[in-house]
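A.B. asks: Going by the working numbering, the sequence shown opens with residue 1, and the numbers climb by one from there.
In case anyone wonders, no lab produced these hints; they're calculated from the structure.
Since the model is a prediction, treat every value here as computed from it, not as a measurement.
Don't be surprised by glycine CBs; every beta carbon is placed ideally from N, CA and C.
Don't take every hint at face value.
Stated by the list, open to error - Label-pair distances were calculated between CB atoms; the ranges are:
1. F118 to S94: 38 to 48 Å
2. D5 to D66: 15 to 25 Å
3. D83 to D107: 20 to 30 Å
4. F20 to Y76: 28 to 38 Å
5. L80 to Q14: 39 to 49 Å
6. L45 to V111: 17 to 27 Å
7. L81 to D110: 41 to 51 Å
8. L2 to H57: 38 to 48 Å
9. Y116 to H26: 13 to 23 Å
10. H26 to K112: 46 to 56 Å
11. R13 to T102: 25 to 35 Å
12. H57 to V8: 13 to 23 Å
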Amino acid sequence: VLSNDSDVLPLHRQRQVSAFPPNYVHSLDSSHMLLTAIEMQKRGLHFSAVHDSYWTHPCDVEEMNDILRECFIDLYSQPLLEDLKDSWELRYPSITFPDVPTKGELDLNDVKSAPYFFQ
1 VLSNDSDVLP
11 LHRQRQVSAF
21 PPNYVHSLDS
31 SHMLLTAIEM
41 QKRGLHFSAV
51 HDSYWTHPCD
61 VEEMNDILRE
71 CFIDLYSQPL
81 LEDLKDSWEL
91 RYPSITFPDV
101 PTKGELDLND
111 VKSAPYFFQ
């Protein structure tokens, strides 16, 4: 049997805990890619991607680089960790979650001029 739909399957707590951070980051990376693809389509530009490798025609690379930065700023300007914590608190009201870390001094707009932001 290759699958088991039983609700009594064992839960490996430590595996769940250690798997969450990279999976969450990966979901944000894929959200960034989707936002980029949508904006490229809105502008009538070709776009293709595999994981974190993005392609367009050479004549559109500079515009794609601008779009990548704009979408990154738009995504990470959202209160992502706060929203995640809020959703967990609604889903698991009996659990007390730690506070979201205090934001640092990073100015997301600095990515606009970062030469190696996305290469």
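A.B. asks: Among the hints numbered above, which are violated by the structure, and what are their numbers in rising order?
C.D. replies: Hints 2, 4, 5, 7, 10 and 12 not satisfied by this model.
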